[in-house]
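The listed protein sequences correspond, in order, to chains Z and D.
Take the first sequence: its letters are residues 254 to 656, numbered as in this note's numbering.
Take the second sequence: its letters are residues 15 to 150, numbered as in this note's numbering.
Treat the hints with care, since some could be wrong.
Here are the simulated lysine to aspartate or glutamate pairs, EDC-like style, with alpha carbons at most 20 Å apart [to be verified]:
#: 1; chain 1: Z; residue 1: 291; chain 2: D; residue 2: 47
#: 2; chain 1: Z; residue 1: 291; chain 2: Z; residue 2: 354
#: 3; chain 1: Z; residue 1: 533; chain 2: Z; residue 2: 305
#: 4; chain 1: D; residue 1: 39; chain 2: D; residue 2: 134
#: 5; chain 1: Z; residue 1: 291; chain 2: D; residue 2: 75
#: 6; chain 1: D; residue 1: 121; chain 2: D; residue 2: 75
#: 7; chain 1: D; residue 1: 39; chain 2: D; residue 2: 75
#: 8; chain 1: D; residue 1: 121; chain 2: Z; residue 2: 420
#: 9; chain 1: Z; residue 1: 632; chain 2: Z; residue 2: 541
If you want the footprint, here are the derived chain Z segments under chain D, 3+ residues with CB under 8 Å [said to hold, decoys possible]:
#: 10; segment: 285-298
#: 11; segment: 402-415
By construction, these hints were calculated from the structure, which means they are not laboratory data.
Glycine included, every Cβ here is placed at the ideal spot set by N, Cα and C.
Listed here are the chains, written in short residue letters.
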Amino acid sequence: MPGELSRAAAIVGAAEANEIGYPETPKTSLQLHIEAIKNVSDQTGIPISAIDGIFSAGWSSQIAEHLGLHPRYIDTTSVGGCSFEMHVHHALAAIHAGIIDIALVTHGESGWSARANQGRGTGRPRGMGDPWDPGSQFSGPYGISGAPSNYSHAMTRHNHRFGTTPEDFAHIAVVTRQWATLNPRAIMHSRETHPQGGPITVEDVQTSRLVSWPLTLLHCCLVTDYGGAVLVTKPEIARSVKTKPVWIAGAGENMSHSNMLEMGDFTATSAAASSASAYKMAGMGPEDMEMAMIYDSFTVTAGITAEMLGLAPRGEGFRLWKDGHAAPGGRLPINTNGGGLSFNHSGMYGMQLLVEAYRQLSGTAEDGGYSGLPGKQTKARSCVVNGTGGSLSTTGTLVLVSD
Amino acid sequence: MAYNKPIPEPDPLSRPFWDGAKAGKLMLPRCTDCNRVHWYPRWICPFCHSRNIEWFEGSGEGRIHTFAVQHRAFGGWADEVPFVTAYIDINEGDRMFTVLRGVDPNKPETIQIGARVRVEFEPASEDVHIPFWRVI
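For reference, chain Z alone in the conformation it holds in the complex (with noise of 0.2 Å):
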């Protein structure tokens, strides 16, 4: 008997670039992954703008932004040269669950001309990254480096446009530091863990040393290390285990952007449309949330997701925090571990995010004497996740429910 997703999605069409093997004029790999992309979309009449998947060995989300794409399905498995049969693998997954229609699978390598381009145009990095990039060509050269250089831009343009400033972001960092003070596995959960660590006042946020205007150092995340691992499992296994189990009640991505020069909105993220494919999938909206996990790598990017999440009024995410609800004893914890401000923040924190909520979910927030203190474990039941990656430009939402 055929499984269940068997025949649950066809291919339609199939294409190449214009010109293939030792092309005259040396292609880069860009130019080859669009040249396909045209001919296929052309060859099926599919327009390129019905794709609402996007599958390749690492570089979805360049291919997407060139496309001028915001794609709800992004996966970038690149392990080998049997990566393109298991993007298609992948692909009859999210079109059976319903996530996508169409789902673009595409490649482009320029083996022979990289040659002749001296790796260039390659879409490998080197060093600082593809000297032939056509975004990073444009952004590089003006001595932009690292997330604070680029987030910041956002922080400016939101206190522009909402007439918020600098210190109410300020309030993020420090509610976010009190939950690190009931953790003692964080970084800044005292002078104990680390000499600037333990409490802190708007005030010392705004006096600490200027990273990127209007960004202080105590508006950025810690840089550390992590591990981390989640198991997800069937119902049938999940309800035998002796581990409670955290429901994903409902799942969502989506990306604006891949280099902030395409960023169209500086003060919103693609969180709005990534929450709302969860939100629907889980039957469930920001109303219904007892506590959130927002990515916080800046001050600035965990007040703008909450605006996105609908947890807040546009321009007022900060609000949660200034007003103490996302504080311990709030009526929306919001970063229970500490956060990456005062946590833990090993470059992607997405999955400090996964562990936390897992925790305080299944109620053991405060169990093994390492994953908190007292006042820690919250009452919550329910939990929306949001991860943001890049500079701030694509984002992936769950929505979490306990038993």
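Could you slot chain D onto chain Z? The hints should help.
Structure of chain D alone, referenced to chain Z:
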């Protein structure tokens, strides 16, 4: 003194821009099907997915969309801190990034979002002249 900051590498896609920059012109890509200007340069129009793209000389004027003051930088830029970076809404549509000139990085409160700016080019090498925008 030789230019000691990152110098972009013109490629087959961006070559018309850099050729223009060398001549003091801000060249921009425009789709001849939907007539919209996009930035950065594309192999395909990101709005209508036509591959009919032409280059034309832009006005070289725009307005500040948002900005920040960099107090930490690396390489040649480390000697320049603090300096102001900004996203520029160009008159033709879409947005460019720059280090802003004609502003005081120590007085960010005096820098106005929406202020008019004009492009200028600094020779970084024989082949590459880099665009910078100045408040006018």
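These are the hints, each one checked on the structure:
no.	hint	in the structure
1	Z:291 to D:47	holds (15 Å)
2	Z:291 to Z:354	holds (18 Å)
3	Z:533 to Z:305	holds (17 Å)
4	D:39 to D:134	holds (9 Å)
5	Z:291 to D:75	violated (33 Å)
6	D:121 to D:75	violated (24 Å)
7	D:39 to D:75	holds (11 Å)
8	D:121 to Z:420	holds (18 Å)
9	Z:632 to Z:541	holds (13 Å)
10	285-298	holds (count 5)
11	402-415	holds (count 8)
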